[in-house]
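A.B. asks: From the two separate chains plus the hints, produce the assembled complex.
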Amino acid sequence: MSAVAETLDAGDEPRIVVAGQWKLFWWKFRKHRLAMASLVVLGMMYFVGAFAEFFAPFPVDLPNTRYTYAPPQMLHLFQDGRLAPYVNGYKVQIDRVAMRRTFVTDEAVRIPVHFFVQGDPYLLWGLFPMRTRLMGVEQPGQPLFLMGADRLGRDMLSRVIHSTRISLSIGLVGVVISLSLGVLLGGVSGYFGGAVDTLIQRLIEFVRSVPTIPLWMGMAAAVPTQWPPLRTYFIITLIISLIGWTSLAREVRGKFLVLRNEDFVTAAQLDGLSDLAIIYKHMVPSFLSHIIAACTLAIPGMILAETALSFLGIGLQPPIVSWGVLLQEAQNIRAVASAPWLLFAPGIAVVSAVLALNFLGDGLRDAADPYA
Amino acid sequence: MRDYVLRRLLYMVPTIFLISVIAFIIIRLPPGDYLTTVIAEMSANGAPADSGTIASLRARYGLGDAAYIQYWRWISGIVLRGDFGLSFERNVPVTSLIWGRLGATFGISLTTLLFIWVLAFPIGIYSAVRKYSIGDYVVTFFGFLGLATPNFLLALVLMYVSVRYFGQSVGGLVSPEYLDQPWTLDKFADLAAHVWLPVVVIGASGMAGLIRIMRANLLDELYKPYVVTARAKGMSEFRLLLKYPVRVALNPFLSTVGWILPTLVSGEIIVSVVLSLPTTGPLLLRALLVQDMYLAGSIIMLVSMLTVVGTLVSDILLAWVDPQIRYQ
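Taken in order, these protein sequences are the chains called A and B.
Numbering-wise (our numbering), the first sequence opens with residue -3 and increments by one.
Numbering-wise (our numbering), the second sequence opens with residue 0 and increments by one.
Hints in this document: simulated from the structure, not taken from any laboratory.
Positions of the beta carbon are idealized from the N, C-alpha and C atoms, including for glycine.
Please note that a few of the clues may not be correct.
Unchecked claim - Sample of chain A residues lacking proximity to chain B, with all beta carbon distances greater than 10 Å (derived):
(1) MET32
(2) PHE51
(3) PRO67
(4) ARG96
(5) PHE99
(6) ILE107
(7) GLN135
(8) PRO136
(9) LEU272
(10) ASP362
Said to hold, decoys possible - Listing some non-contacts, in silico: residues in chain A with all C-beta distances to chain B over 10 Å:
(11) TRP22
(12) GLY39
(13) PRO68
(14) MET131
(15) GLY189
Unchecked claim - Below 20 Å or equal to it, Euclidean Cα-Cα: the simulated SDA-like pairs (lysine to any residue) are:
(16) B/LYS130 <-> A/ASP358
(17) B/LYS130 <-> A/GLY137
(18) B/LYS130 <-> A/LEU30
(19) B/LYS130 <-> B/PHE120
(20) A/LYS87 <-> A/GLY137
(21) B/LYS130 <-> B/VAL247
(22) B/LYS130 <-> A/ARG29
(23) B/LYS242 <-> B/ILE212
For reference, chain B alone in the conformation it holds in the complex (with noise of 0.2 Å):
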């Protein structure tokens, strides 16, 4: 077990590097760098800078030294002094902007994956049990539905239906009236009655496809000799079914949670826009196309980190309950 989570940890390593370089060249990739936007800027007021003051701006940026001295000084600020750089646009540190909203991000995310796990478990079991059932056509037929619809026009789609029958709008996590209050139980009753929606949009295609992993692997396994033999000894059905095929098809399920997490915090991202939540999503688009580049690569990054990170506690955490992965 130790040795595993070794290994583990020791792959990450080069992983948070990548993430961190691509983080740097989305950050580098615009044409122009800051200074083409201040220097735009002061002469849109009327004063054009002189060259000796761009130059000095050029130098004190250190932005004519080569890309790696650059990604060297960008990427020691943040380990050495957790300083990820200026948000441009609203001329504030990047990190008094995004830890609140990153936890945002992953809250729903992880609420997604806990909704969708629990309910994708039983579906699919009675799925696989009840083959070919009205009841199996139906989660079927939803299934495929929730793969083929992106999430964003589910979130749209659910959104019209609100305003045009319910007459009211929805989006946001909280009431307005409780936006600026302190938590307490009526504020969290107030986000639970809002926060289902996105949880519902951003799971659902991840959901039909692990009922339909969940089923296949179950009819496997449901038609195997060992299954014919407990029930010809007289076992009860449902016992019968959940200590034995369940079980071993319970396995690749579980390991689906390495490749779900980043499709949920891809979805969160794009759904939150559209429900606008106070997540990063918003800020995140709203960051690229201002061209607020420091704000978008942190964003980039430690949503990306954070995903690697939280697979990697999901891995270790089905290698401790399921020792097969840990030797794999």
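Same shape as in the complex, but just chain A (with noise of 0.2 Å):
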């Protein structure tokens, strides 16, 4: 009880003996500053993957011939001591040496940049007409690269918002299959024990003894290219989370080896409920918090897996766009070296991702401890 007393005053003690195991959770959880600034950056990230078509300054595939590989744009918020936020123009060089173009930024040229701003139609979520846009140049066409353009000058922003809500989902998505086959399988283990007990910790050794990325690919290369885009979607998560679900269903077991010789686990077994009963109404409850932090631990590596396969041209294909996918672009070393967004965008969104995520499981983890 000390950790939760410390962040109370001594007057609080009678508070920290009736508070309910979610409200210890939280307490504790609010001192790890680290996972509450990370659970802030996963919400906003969250967010603006749901909402992608709206922050998305242009649709995700809209080409814009003439500025391929335009270089990042500063977005500059006052003009003249007022708020009116614009982007200075391109100017192209032609390089003669090395026969190319470049661009360079044409101080002269100032695009105003509208929020709020109404553009070309599009659906939320496939559902909703919509126009609003959260920011927007005035005529279409004009450049607004804030992270700059790839190959086809599409914007490298727009398609990082997009990519979010697919690499995020899948996290999500494959941690709930892994925990329905964790829980079922882990559970089924460590309550009966015995025989099930030994074949299921084999299947899992023999899982965990084998080298994973190899097995995916050869799973995600039988997924045939065109097979509409969301069924892709579903089998490469599928596929992730089969090998997935071995650490949460670990983590579920050694919780019921360690609560089935409880007493209130006996009390409720000689009382005569069902085993199933026991198992939803007595146990699942008292390690649930466990048991988030342990998902939460295991999105990072499904967000990994899909990167890694996206990248390698055996997960998501285009037009869908995950990290992994614009990743996939950044491959051609002699593109990066002249248009390195193309890298660091999607590159530093997976990072932060897999980073916050991390902290906040650890945050998380600690905290289901409420009197450790």
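C.D. replies: Next comes the structure, spelled out in structure tokens:
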């Protein structure tokens, strides 16, 4: 109780004694600054991902052939002392030695940027017709490339925002599938013990002893490229979670083994409750917080796996964009040398999401033991 | 000890069997079979195959048989004759393509394993002993970054840096001029000059994990009464550290080999695609993309099996060093 007590005054002692499990959890979690900050960052990332069509200045596949490989622009907020956001235009210079175009900022041209601008109509989540975007330019075709443009002159910022939705949701969907598998197999294993337990433990050891990337590659490569995007998305997620469930299963099993011999479980058994009722009514609630922490720590692995597969060209395929699909374009190291934003825009997105998820998971894990 | 080794060897039999079944499933996963490819090729060449030819081909390759018969034919060919089948794309036996590359994959993975062990051990100790010092924060920071960065991304960033700031491309295991040369001391030196990049890239995340484990374990030990006692008796700080808490903390550190080798092999496969190393990674990817399934399946099977064997060897070595593991 000492750790919780530290956060409160001595006079609060009664509060701790009567506080529920989740209240203690929250008090302990709040102390973990890095985890709190990560929670905010992740909340924003998921929010932006959820409303990607609104936050992205352009549709995901809108090419602009005049501005291929255009470098990132600086967003100026103030103009002559008042709020009037604008970006500078580009001047094209031909490099006669290397025989290629280079873009330089043209200070003379100011392209006004508007917030809550009415642009091309789009369907939010494929359902609701809308026109409003967070920001945009007045005329179509004007450049607004805050993170640069790719080889077809598509806006990297818009592409990264749209990929955020796919990459982050794969983590969530994958973890849900993994968790169902893990709770089912780990629960059966830990609750019943004996031969079933041995068999499932062998299975888990087997999955963990085999290198995952080649297995993923083998399965993912069999997904036909002409399948509709949504189907590919679910199959890839399924493939990733088929291998990712083992750590969750171990966690669940460990908790079951500990709780199985607790007095309150014995009491419930003596009262004639069925196995399923005991598991769901008495055992699951008492380790739910641990499971949440373990899930959070499992999501980064899913995201990284999807990124790796798509990067190799056997995961998600364009027109779906995920961070891995964007990074695939960065495989050409010559292109990256002259347009590093192809690598760094999606790269930083991956690293910050995974970092934040790791910190959040650490914080949740610490908080899951409020009396420790 | 003998019982332990025997038990572990026995456990390995179902594992190997399961791996072979999975490899076979992967070979059969893509829609259509080898013949579909052949027929498509024949009609593309303007000589469509008649149904008689197709039927005889089908019988020759046994494609009409039940799955378990096909599996038996495939696995018995491997076990009895070392015949892994044909690479359809290059029309040569799979065996002629993979052995050298498998060697390279495991050479790099094991080098990486040694590298991260040798480095993670002292860094972990330092990080625990000087807890919350600047050095510890630096290590922790890079550790978290290493855990969060996919290794192929790290490879890309390093390649970008070397192209951008040093004006040269990295990649491969030896310089082009040594490619077909016999092994000499010069070539070996050249190999050493190239191999550090993949080793660092593949090892980054594993090393970050190991440092954290070492640090946490040592921190658990450092403040125990037996350490205080030894210190009170006037033992020098360095000897004290190495003689008691480090030895206790070493145990979980050593037992991580089991799970780290599969990760390293995985990492090697994807990093070698980025850095175009002559290992199994690029070969596997290419085979999967053109659905050269016997080649792909064989690579997946052999890489997995060798990983399992490698883990077994390291486990046995550990059990030999540390009796506690034997009796668990």
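A.B. asks: Hint by hint, say whether it matches the structure.
C.D. replies: Against the structure, the hints come out as follows:
The beta carbon of A/MET32 sits about 16 Å from the closest Cβ of chain B, which is more than 10 Å, so the claim that it is off the interface holds. A/PHE51, annotated as away from the interface, keeps every beta carbon of chain B farther than 10 Å; the closest lies near 23 Å. Consistency note on A/PRO67: stated as away from chain B, and its beta-carbon is indeed over 10 Å from all of that chain's, at 14 Å minimum. Once the 10 Å rule is applied to beta carbons, A/ARG96 is consistent with being away from chain B; the minimum gap is 16 Å.
For A/PHE99, the requirement that its beta carbon stay farther than 10 Å from each beta carbon of chain B is met, with the minimum near 18 Å. With a cut of 10 Å on Cβ distances, A/ILE107 stays outside the contact zone with chain B, its closest approach being about 29 Å. For A/GLN135, the shortest C-beta to C-beta distance to chain B comes to about 35 Å, beyond the 10 Å cut-off, and the non-interface label holds. Look at A/PRO136: its CB is around 33 Å from the nearest CB on chain B, clear of 10 Å, so calling it non-interface holds up.
For A/LEU272, the non-interface assignment is confirmed: its Cβ lies about 30 Å from the closest Cβ of chain B, beyond the 10 Å cut-off. Once the 10 Å rule is applied to beta carbons, A/ASP362 is consistent with being away from chain B; the minimum gap is 13 Å. For A/TRP22, the non-interface assignment is confirmed: its Cβ lies about 24 Å from the closest Cβ of chain B, beyond the 10 Å cut-off. Every beta carbon of chain B lies more than 10 Å from that of A/GLY39, the smallest distance being close to 18 Å; the non-interface claim holds.
With a minimum CB-CB distance of about 16 Å to chain B, A/PRO68 clears the 10 Å threshold, and the non-interface call stands. Residue-level check passed: A/MET131 sits 29 Å from the nearest beta carbon of chain B, beyond 10 Å. Chain B leaves A/GLY189 outside its interface by the beta-carbon criterion, the shortest separation being 18 Å against a cut-off of 10 Å. The straight-line distance between the Cα atoms of B/LYS130 and A/ASP358 is roughly 19 Å, inside the 20 Å bound, and the hint therefore holds.
In summary, the hint linking B/LYS130 to A/GLY137 is not supported, as the alpha carbons are separated by about 56 Å, beyond the 20 Å threshold. For the hint linking B/LYS130 to A/LEU30, the alpha-carbon distance of about 18 Å falls within 20 Å, and the restraint holds. Between B/LYS130 and B/PHE120, the direct Cα distance comes to roughly 15 Å. Compliance with the 20 Å bound is thereby established for this hinted pair. Taking the CA atoms of A/LYS87 and A/GLY137, the gap is near 15 Å; set against the 20 Å cutoff, the hint holds.
The straight-line distance between the Cα atoms of B/LYS130 and B/VAL247 is roughly 18 Å, inside the 20 Å bound, and the hint therefore holds. Taken as a hint, the B/LYS130 and A/ARG29 pair is honoured in the structure, with Cα atoms around 19 Å apart against an allowance of 20 Å. Simply put, B/LYS242 and B/ILE212 have alpha-carbon atoms about 19 Å apart, close enough for the 20 Å limit, and the pair holds.
Violated hint: 17 only; the structure is consistent with all others.
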